[in-house]
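Engineer: Single-letter residue listing:
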Amino acid sequence: MSTPAIEIRDLEKRFIVKQGLFGTPRHVRAVDGVTLSIPTGATLGIVGESGCGKSTLARLILGLMPASAGSVLVEGQDLSRLDRRARARLIQPVFQDPFSSLNPRRRIGDIVAMPLVAQGVAGHETRSRVAEMLAQVGIAPEMASRYPAQLSGGQRQRIAIARALVLRPRILLCDEPTSALDVSVQSQILNLLADLRRSLNLTTIFISHNLAVVEHIADTVAVMYLGRIVEEAPAQALFAKPRHPYTRALLASVLTPEPGLGVPDVGLGDVLPDPSNIPPGCRFHPRCPVAIARCSRETPPRVDGAECHLLSA
Amino acid sequence: MSLLEIEGLEVTFGQGEGRVAAVRGASFSVARGETHCIVGESGCGKSVTSLAIMGLLARGATRQAKRMEFDGRDISRLSEREMSRLRGHRIAMIFQEPMTSLNPAYTIGSQMAEVRTRHLGGTKQAALDRAAELLGRVGITAPGMRLGQFPHQLSGGLRQRVMIAMALMNDPELLIADEPTTALDVTIQAQILRLLAQLQADLGLALLLITHDLGVVARVAHQVSVMYAGEVVENAATADLFAAPRHPYTRGLLECLPIPGKVAPGAPLGSIPGMVPKLTPGFTGCGFRSRCSLARAECAAPVALRGAPHLYRCVVDA
Amino acid sequence: MRRSGIWIGGAILTVVALAGLLAPWIAPHDPYAQDLTRRLAVPFWMEGALPEHLLGTDQLGRDYLSRLIFGARVSLIIGAMVVVVSGAIGITLGVLGGFFGGRVDDVVLFLITCRLSIPVVLVALAVVGLLGSSTSLVVAVLGLLLWDRFAVVARATTMQVRNLDYVAAAWAAGSSTPRILVSEVLPNIMTHLAVVGTLEMALAILLEAALSFLGLGVPPPLPSWGLMIAEGRDFMFFSAWVIWIPGIALFTLVLAINLLGDGLRDLFGAAPS
Chain F
1 MSTPAIEIRD
11 LEKRFIVKQG
21 LFGTPRHVRA
31 VDGVTLSIPT
41 GATLGIVGES
51 GCGKSTLARL
61 ILGLMPASAG
71 SVLVEGQDLS
81 RLDRRARARL
91 IQPVFQDPFS
101 SLNPRRRIGD
111 IVAMPLVAQG
121 VAGHETRSRV
131 AEMLAQVGIA
141 PEMASRYPAQ
151 LSGGQRQRIA
161 IARALVLRPR
171 ILLCDEPTSA
181 LDVSVQSQIL
191 NLLADLRRSL
201 NLTTIFISHN
211 LAVVEHIADT
221 VAVMYLGRIV
231 EEAPAQALFA
241 KPRHPYTRAL
251 LASVLTPEPG
261 LGVPDVGLGD
271 VLPDPSNIPP
281 GCRFHPRCPV
291 AIARCSRETP
301 PRVDGAECHL
311 LSA
Chain G
314 MSLLEIEGLE
324 VTFGQGEGRV
334 AAVRGASFSV
344 ARGETHCIVG
354 ESGCGKSVTS
364 LAIMGLLARG
374 ATRQAKRMEF
384 DGRDISRLSE
394 REMSRLRGHR
404 IAMIFQEPMT
414 SLNPAYTIGS
424 QMAEVRTRHL
434 GGTKQAALDR
444 AAELLGRVGI
454 TAPGMRLGQF
464 PHQLSGGLRQ
474 RVMIAMALMN
484 DPELLIADEP
494 TTALDVTIQA
504 QILRLLAQLQ
514 ADLGLALLLI
524 THDLGVVARV
534 AHQVSVMYAG
544 EVVENAATAD
554 LFAAPRHPYT
564 RGLLECLPIP
574 GKVAPGAPLG
584 SIPGMVPKLT
594 PGFTGCGFRS
604 RCSLARAECA
614 APVALRGAPH
624 LYRCVVDA
Chain U
632 MRRSGIWIGG
642 AILTVVALAG
652 LLAPWIAPHD
662 PYAQDLTRRL
672 AVPFWMEGAL
682 PEHLLGTDQL
692 GRDYLSRLIF
702 GARVSLIIGA
712 MVVVVSGAIG
722 ITLGVLGGFF
732 GGRVDDVVLF
742 LITCRLSIPV
752 VLVALAVVGL
762 LGSSTSLVVA
772 VLGLLLWDRF
782 AVVARATTMQ
792 VRNLDYVAAA
802 WAAGSSTPRI
812 LVSEVLPNIM
822 THLAVVGTLE
832 MALAILLEAA
842 LSFLGLGVPP
852 PLPSWGLMIA
862 EGRDFMFFSA
872 WVIWIPGIAL
882 FTLVLAINLL
892 GDGLRDLFGA
902 APS
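Protein chains in written order, with our numbering: chain F, 1 to 313; chain G, 314 to 631; chain U, 632 to 904.
To be clear, the hints were calculated from the coordinates, so they are not data collected in a lab. Possibly wrong hints are sitting among the right ones.
A few chain F positions that, by computed beta-carbon distances, are all more than 10 Å from chain U [as the list claims (entries may be wrong)]:
1) Lys18
2) Pro93
3) Ser101
4) Gln136
5) Ala160
6) Asn201
7) Pro242
8) Val254
9) Gly269
10) Arg297
To give an idea of the interface, some chain U residues facing chain F are shown, with a C-beta separation under 10 Å as derived from the structure [unchecked claim]:
11) Leu795
12) Trp802
13) Ala804
14) Ser806
15) Pro818
Ideal Cβ positions, reconstructed from N, Cα and C, are used throughout, including at glycine.
In isolation and in its complexed conformation, chain F is listed as follows (with noise of 0.2 Å):
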């Protein structure tokens, strides 16, 4: 068996909070054990709501901040180990807003040739290939005198995926890079990473809570709940058969464009997910519509890639 492209070994990551002066601080457990593994050209997608984790899963994969516990390998060789310039080489970025992802200051064209500049690439090489770049993500070459303020979402979006293949890297981890764009340029970027990934056989991790274009474009998909992940499956198969009931109910929550079909009843309750207060046992089991005794007491076991007691029983 070859070796994955990227393996994520129980990673964890765990934050104290202060409350003031006087009060007692929490303990927040952001990551709490995520282990995935994705092949070469795969595309693994995350979802999850507010206070999953997802982004800090995000930000401890790229190297933005050290985990507390667990490792990340790509292609076998541990990113904590490595110095930054190297990592680059591996894994890159598009992140969720495109007004901030861009520094206002600088040029397109500076901005794409930025990680080539980190890296010490000679300057006509940097010019020829932020050139190349830029026709690849349907830029024209006279907006590389621009600023990012004269540019509307879309195009930005595509500078920023710009910027992060310049270096080829073999991991692209985007986190939620259509979620603040409006759904017609929403197609146009997903059609662009779709066409991307195959002609550079790219390693993809799409973080979204979007369910509906997780399903369109990937092929796992791992579902996050207060740091774990309670649901890893092959795209289709999660959303034919989920087994895990948070995954169940996530799905009946998303709203398909089809009339007639109301709002289901979601049945999740109001207690929300809080990372600095995790239930035992199974974390999930305060909203659980199907909860049982032992889900209060004991940690589920992962069975065919769901963490559930009900699966085992």
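Given the structure of chain F, go ahead and fit chains G and U onto it with the hints provided.
Structural biologist: Frame of chain F; chains G and U shown alone:
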């Protein structure tokens, strides 16, 4: 007769050379007890339309309409005083950001009670009782305790429920909701939308819902108005709009959606080439023509809505 | 109203700066040339004025107009140099503290708190009193004392910028930390720092004038406006113009700089603090 009738609404910002037409022609009506969705992408003018109806436009904005009637009464020429009597009483509004819609310095109870006592008088205690009743109705547990809490102690979903309860304090006939669930998680969104549907059934509330999410539209709306570049380009019953869209923009928009089951995974999604035009002074005609494969010379002149009851603004026969 | 601040302030500042720049060519006389036969000649609007001394002369017969023009130089150069020194110190500290956080930030905050506990004028007086008045000493002392606002604004704006995605992207792309600070952070906080710079310059000019007035600023015979006011104290009642001409000049310059600073702040948006 409809509760809200809007015809030919236009809103312009600024003066002279820098004028921008935010809304160039909005026409729709909302019947009692019905949910009407205005759907469109950023910059189409949907939020400005709702603010224009409420009379909440910023200074420097000019508003004019052929007809703006609420319950048969012309509201376009009301004084600010008369308008403020209507707002919060017969017409209520809730906004997108539950974080910033509530005043962080006052308790939930005092904010809700103020809405009641201001419009309908009465004692503060009576208002608080009503507030507790409404908090219960919107599905908030332990309403008495919540009245004494401050906004920051509540989550986003709870805050939005409080906003809805607050909007209902004076038994409005029309609730205008501007992207009420966009900032919320998907599971919470479903709960809030169910709540709104329930309230509509129980109270006969008319709902004008502004959104960019076609999924929401499909599931909750009775009537839909699609807006693009400041104009309502299509207006129809929900089922008709999705089954047989008549405007090229609506068709293009529906093709962009990755609908599971309808669009094969991995297949390229439809897209609309080009960008929204800048609505400078003097821009006339169809705003979509620069991106439309069916564009003709006639599109440069103002196009009227036609094809009742499934209205669309296009010179090309659908 | 707001926009006019930039124009008015900028115009006055430009005029003063040009006067200072071209002083050797436009001043009618040598500002140091004494002529004891022509002491305290009156300015042109009073009776008995001498045509070649438009603003009269001071107690040593030096042409007042020339001293005023050369005084502009002193004020502006000292003001600018103090801003350079204090800016360098404050921006460096603020950016480092804001970007790295943790211990580094604790140290920076401590330094700022210490600095804020020091009474600026008293310390400046003491130092100059001890070490003797000289232009470079005044610049050094004021530069080492006036950096706090730079540091506070630089720190606050850096903390905001640090959390933005383009900084994360530069980090992920392997950019070195110095490069990130210079290319990504600094250009985006510069506008707020420019506003602080104008206000600090106005303050520095006023402080220099105050120090010179007290005899503990630039050494005579340098034509500092503050010094001119001090020297004119003895003749206040009979030759009041000796005091109020440099006074008005000072007031106008500082007002102009403040108007410019306010206008810039309105233009760029308020800095977080």
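Engineer: Indicate, hint by hint, whether the structure satisfies it.
Structural biologist: Evaluation of the provided hints:
no. : hint   : result
1   : Lys18  : 13 Å, holds
2   : Pro93  : 5 Å, violated
3   : Ser101 : 4 Å, violated
4   : Gln136 : 18 Å, holds
5   : Ala160 : 7 Å, violated
6   : Asn201 : 21 Å, holds
7   : Pro242 : 32 Å, holds
8   : Val254 : 27 Å, holds
9   : Gly269 : 33 Å, holds
10  : Arg297 : 40 Å, holds
11  : Leu795 : 5 Å, holds
12  : Trp802 : 6 Å, holds
13  : Ala804 : 4 Å, holds
14  : Ser806 : 4 Å, holds
15  : Pro818 : 4 Å, holds
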